[in-house]
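As a plain string of letters, each chain reads:
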Amino acid sequence: MNAAIALIISFPAVLLISLLFEGIDRKLHARMQKRIGPPVIQPFYDLIKLFNKGRVIPLTASVRVFEIMPMIAAAVSLLGASILLSGILFGLSMIGDLIVVMYLLAMSSIALMVGGSASGNPYSAIGFSRKMSMMIAYEVPMFIAVISVAFGSTPSLAIDRIIKFQANLGLPLAASRPSMSLAAAAFLLCMPAASSAIPFDIPEAKTEIIYGLLVEYCGPYLALAKIAKAASNFALTLLASIVFLYIPSLLWENAPLNSGISLSLCLTTALLIMFTTMTVPRTILARLKIGQALKFYWMVPLTLSLSSIILSAAGL
Amino acid sequence: MFRIVSRGRIKSPWIFHLNTGSCNGCDIEIVAAFTPRYDLERFGCLLVGSPRHADVLLVTGPVTRQMLPRLIRVYEQIPEPKVVVAVGTCASSGSPFLGSEMVEGPVDRIIPVDTYIVGCPPRPEAIASGIITAVMSKFR
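If you read the sequences in order, they're chains S and F. For reference, each letter of the first sequence is one residue, going 1 to 316 in the working numbering. For reference, each letter of the second sequence is one residue, going 1 to 140 in the working numbering.
It is worth saying that the hints were derived from the structure and are not from the lab. Glycine is no exception: its CB is placed at the ideal position from the N, C-alpha and C atoms. Some hints here could point you the wrong way.
Derived, one-sided and incomplete: chain S residues facing chain F with beta-carbon distance under 10 angstroms [said to hold, decoys possible]:
#1 L28
#2 Q42
#3 L50
#4 D160
#5 I209
#6 I210
#7 L214
#8 L272
#9 F275
Non-contacting residues of chain F with respect to chain S, defined by C-beta distances greater than 12 angstroms in every case (computed) [what the hints assert, rightly or not]:
#10 L40
#11 Q66
#12 S95
#13 F97
#14 G99
#15 P112
#16 R123
#17 S137
Make a model of the complete structure from these sequences and hints.
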């Protein structure tokens with residue numbers, strides 16, 4: 001019962017915060033290019049407009065799948081983010097919610113992939129195959145990093161226990177041991193690909209394959225896809241900030257979990273993580289080719305996360 | 001409720017740009033309007049690649065015979081509500097090409113146009129002001 005109320009409260013909160021995060025991202029991106037940039041609440045305007053636009057469904061699409069998949073993607077990534085948020089707000093946790101959140105975030109990408117490929121557009125098909133390759137590239141090191149954290153800390157798969165472990169230790173997990181900092185580095189390196197920020201925006205490459213999977217989506221469906229993307233980006237940054245860099249643990253001995261201060265500290269850390277892993281690369285780098293991205297992810301982050309596992313097995 | 005919707009529409013006009021036989025002068029000025037100096041994105045405009053995402057159709061060039069069916073098709077693919085802006089003298093009046101047998105234009109002979117931006121090519125300020133005027137008058 002308690003959990004249901006917590007989830008119902010945190011659903012709108014997640015929507016609000018993730019859209020604000022996207023607005024801040026766009027504003028910072030513009031300021032770094034010496035532009036004035038859109039207002040911070042621009043994503044809200046976009047969503048209001050998109051939800052009130054007409055629908056055009058292509059003749060080649062298989063209509064049911066095409067219509068349902070954006071809803072699944074939005075619902076799933078909102079759920080993932082609100083599990084994390086209600087974990088901090090109300091101290092709720094369940095067995096294995098770390099894996100559940102990772103699975104939900106992967107599922108939102110997969111739902112968008114299936115929906116996009118159901119549109120029958122050749123650009124969507126290209127986007128589908130590229131997104132598939134990208135997921136093979138970044139999901140593997142990301143999962144290995146998460147598993148290394150789960151076995152290296154308590155060992156536990158509950159986010160709650162990992163946070164308590166950091167609070168007792170008085171240090172963020174990334175600063176506690178070499179193996180954990182390697183895992184954190186691998187996870188943070190995977191973030192731009194998971195959020196398809198520019199050096200790794202190969203699946204949606206706006207100037208090349210016109211948003212790839214989203215090319216046929218219009219109006220409300222596009223709005224749902226945008227919500228899915230914003231919420232999953234927010235969930236990823238929040239996950240990194242509470243699992244690897246739980247800053248409140250530095251301030252107090254046995255930092256209280258469900259206080260407003262620790263929530264705002266976590267959100268600030270999440271914002272900083274978003275700035276460093278999504279906004280800065282998106283502004284200063286150019287798009288890679290799919291082969292280069294695959295090579296990078298299997299050279300650097302995979303090596304980092306595997307060595308983190310080995311070090312953690314050696315007890316470091 | 002209706003005011004919120006119309007404010008959302010005014011604040012985020014996404015633009016699809018179609019060249020119907022223009023000399024590329026207007027197209028370069030449209031791109032210039034998105035550069036940091038003029039920064040159309042501060043009004044919420046985005047240059048999108050697919051007509052399905054767009055609210056505003058920017059048409060440049062007198063409509064050539066080859067582009068006629070494509071112009072109509074792109075116009076029909078944009079979901080309602082939509083705005084058409086004719087950029088440049090060719091799109092607005094057909095100017096030097098009017099009467100040629102290769103030219104079916106100007107644009108308002110084929111699809112309804114909301115705003116005309118004249119000039120050969122028009123300045124980026126004029127393009128920005130034309131888009132905002134069209135959106136304000138249509139979506140208010």
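Hint-by-hint comparison with the structure:
no.	hint	verdict
1	L28	13 angstroms, violated
2	Q42	6 angstroms, holds
3	L50	8 angstroms, holds
4	D160	39 angstroms, violated
5	I209	8 angstroms, holds
6	I210	3 angstroms, holds
7	L214	8 angstroms, holds
8	L272	24 angstroms, violated
9	F275	19 angstroms, violated
10	L40	10 angstroms, violated
11	Q66	22 angstroms, holds
12	S95	31 angstroms, holds
13	F97	30 angstroms, holds
14	G99	36 angstroms, holds
15	P112	16 angstroms, holds
16	R123	18 angstroms, holds
17	S137	17 angstroms, holds
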